[in-house]
Amino acid sequence: MKPDQADDSMPELQGLGKTDWLSPATALLARQTNDLVRELAAQEMEPGLSASDFTKLLIEAAQKAEAEANA
Amino acid sequence: MLELELCDLAALLAAGDVSARDATQASLDALETAGRKLNCTVATYRDEAMGAAERADQDRARGVSRGPLHGVPMAHKDAFDVAGRIVAAGSKVRANYRATGTASAISKLEQAGAINLGSLHMSELCLSPTGYNAHLGYCRNPWNTDFITGGSSSGSAAAVGARLVPASLGSDTGGSARAPAGACGITTIKPTYSLIAKDRVLPLASSLDCISPMARSAADCALLLDVIAGPDMSDPVTLHAPNVNYSAAIRRAWNPPTIGVLPQRLLGRVDTEILAILDRSLAVFKDLGAKIVEADIDAFEPINVLNRTVLVVEASTQHRREVAERPEDFSPHVLSRLQTGLHLPATRYAEALTLRGKITKRFVERAFAKGDLLLLPCIPVPVPSIAEDGEGEAGTGASDIMDFTRAMNYLGLPAASIPAGFTANGLPASFQLIGRHFAEANVLAAAHAYQRVTDWHKQRPLLG
Numbered sequence: 001m002k003p004d005q006a007d008d009s010m011p012e013l014q015g016l017g018k019t020d021w022l023s024p025a026t027a028l029l030a031r032q033t034n035d036l037v038r039e040l041a042a043q044e045m046e047p048g049l050s051a052s053d054f055t056k057l058l059i060e061a062a063q064k065a066e067a068e069a070n071a
Numbered sequence: 072m073l074e075l076e077l078c079d080l081a082a083l084l085a086a087g088d089v090s091a092r093d094a095t096q097a098s099l100d101a102l103e104t105a106g107r108k109l110n111c112t113v114a115t116y117r118d119e120a121m122g123a124a125e126r127a128d129q130d131r132a133r134g135v136s137r138g139p140l141h142g143v144p145m146a147h148k149d150a151f152d153v154a155g156r157i158v159a160a161g162s163k164v165r166a167n168y169r170a171t172g173t174a175s176a177i178s179k180l181e182q183a184g185a186i187n188l189g190s191l192h193m194s195e196l197c198l199s200p201t202g203y204n205a206h207l208g209y210c211r212n213p214w215n216t217d218f219i220t221g222g223s224s225s226g227s228a229a230a231v232g233a234r235l236v237p238a239s240l241g242s243d244t245g246g247s248a249r250a251p252a253g254a255c256g257i258t259t260i261k262p263t264y265s266l267i268a269k270d271r272v273l274p275l276a277s278s279l280d281c282i283s284p285m286a287r288s289a290a291d292c293a294l295l296l297d298v299i300a301g302p303d304m305s306d307p308v309t310l311h312a313p314n315v316n317y318s319a320a321i322r323r324a325w326n327p328p329t330i331g332v333l334p335q336r337l338l339g340r341v342d343t344e345i346l347a348i349l350d351r352s353l354a355v356f357k358d359l360g361a362k363i364v365e366a367d368i369d370a371f372e373p374i375n376v377l378n379r380t381v382l383v384v385e386a387s388t389q390h391r392r393e394v395a396e397r398p399e400d401f402s403p404h405v406l407s408r409l410q411t412g413l414h415l416p417a418t419r420y421a422e423a424l425t426l427r428g429k430i431t432k433r434f435v436e437r438a439f440a441k442g443d444l445l446l447l448p449c450i451p452v453p454v455p456s457i458a459e460d461g462e463g464e465a466g467t468g469a470s471d472i473m474d475f476t477r478a479m480n481y482l483g484l485p486a487a488s489i490p491a492g493f494t495a496n497g498l499p500a501s502f503q504l505i506g507r508h509f510a511e512a513n514v515l516a517a518a519h520a521y522q523r524v525t526d527w528h529k530q531r532p533l534l535g
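As given, the protein sequences belong to chains A and B, one line each in that order. Under my numbering, the first sequence is numbered contiguously, ending at residue 71. Under my numbering, the second sequence is numbered contiguously, ending at residue 535.
Since the hints were made in silico from the structure, they are not lab data. In this text, a Cβ means the ideal position worked out from N, Cα and C, and glycines have one as well.
Taking lysine to aspartate or glutamate and the EDC-like style, the derived pairs with C-alpha atoms no more than 20 angstroms apart in a straight line are: (1) B:K432 with A:E44; (2) B:K429 with A:E46; (3) B:K429 with A:E39.
To be clear about the criterion: a stretch of chain A counts as covered by chain B if any three or more of its residues have a C-beta under 8 angstroms from a C-beta of chain B, and this derived list gives those stretches: (4) 22 to 35; (5) 39 to 53; (6) 57 to 63.
Using the sequences and the hints, build the whole thing.
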């Protein structure tokens with residue numbers, strides 16, 4: 001089963017099945033946010049990406065900024 | 072004395088032309104009178120503050136200076152731990168939370184000589200862009216008390232804008248310092264993610280949260296960054312942060328930058344009054360020698376959604392137990408946002424953080440391909456009135472007041488909010504200046520140059 005199909009067919013596993021105690025507006029917002037990020041991830045995810053990529057980017061920028069400040 | 076900007080007051084204190092006692096007394100009195108009327112004061116620490124002021128004056132008389140903020144009175148958002156104090160963060164669920172230590176950012180200010188006068192109004196648990204707080208009531212905008220201050224650093228912006236204190240620390244997770252600064256006519260900078268230690272500050276979403284100095288001018292913000300920015304073991308995420316003398320950097324010879332602006336297609340929801348103010352601001356920069364170019368970037372909305380995903384999931388994680396056990400102690404709009412976070416799949420959250428490096432790298436490459444800085448709207452509409460706010464619901468709908476601020480927290484970029492004029496309703500308007508990561512010196516240098524030839528940041532409200 002493809003991941004997107006899993007999202008659609010097993011919403012309870014995604015935490016989105018039992019939203020009856022949310023207000024309709026809150027449930028709608030959760031679903032919309034879920035849909036938007038899932039769609040974005042489907043376009044953007046690729047092998048090798050990691051949450052640490054952002055940290056690496058910051059470290060490189062910090063080294064450059066300090067070098068420029070001290071130049 | 073309350074008219075003095077932070078840098079000027081610090082200089083007069085250092086020279087002995089003003090006493091810490093008088094400065095502290097004046098700000099305490101203002102916080103307890105005008106501050107109460109504006110509902111921006113939560114608590115004052117009068118006895119401790121006056122004691123600290125006496126010691127500061129005695130030290131100065133002996134030729135001892137504690138640092139660049141020697142004797143400067145300040146007050147801060149009620150999200151910063153101060154040892155022994157109740158730090159409720161605008162919330163009922165934290166009404167009895169007494170801090171056992173002090174936030175590093177506050178400690179650094181005190182080590183540099185600043186005097187902490189008390190705590191200031193904020194949105195409940197940092198969760199309202201308009202400054203609405205069901206438990207504390209609205210904080211009132213000093214320019215017109217019928218209008219919102221913006222939030223969540225509502226009290227910091229109102230207190231600095233009303234000249235009750237020269238500076239304050241706020242925090243910013245999606246615009247929580249920049250929006251209120253814009254609405255109250257003061258200057259702030261949300262720094263690069265990880266530049267300032269945020270230990271012992273109430274987290275909203277620690278992957279996005281930034282401590283923001285809030286003051287009257289860019290020079291004031293630079294002075295505060297000199298004191299609080301940089302590597303700090305108490306918050307290891309800062310350990311790679313650069314050491315920079317921001318005050319010196321902004322006073323170097325002016326090297327006009329190339330400033331990127333948004334393509335017209337991304338400005339469709341910006342009010343025409345705000346667009347006119349942005350145009351006039353760009354004209355000032357042109358006169359200062361800056362080159363203006365169009366930046367090749369996409370709509371912010373996908374990045375805003377990623378920011379919102381990380382924010383609501385991390386905020387819900389912080390408060391899950393109270394949401395389950397004491398839902399009646401949250402105001403409805405806060406509970407709603409926290410519940411949203413509880414119902415997003417873990418994979419969405421992990422995807423948002425996994426994509427952060429790729430999306431940020433692409434944004435930086437495109438946004439700064441031709442320019443050094445970006446100039447964007449801050450609040451894209453005239454400051455709304457309290458009547459329009461609908462108990463905190465405005466700002467989460469179609470004319471979202473944080474449409475142009477949220478993305479910068481996900482991207483981790485430094486973003487300043489600079490006063491730039493007034494709309495027809497008499498409320499301040501501002502623009503944002505965005506730089507590359509850790510380019511706070513460049514952002515503040517441009518803001519400083521702008522403020523040397525304009526006086527929007529010097530306008531003061533007439534308090535009734």
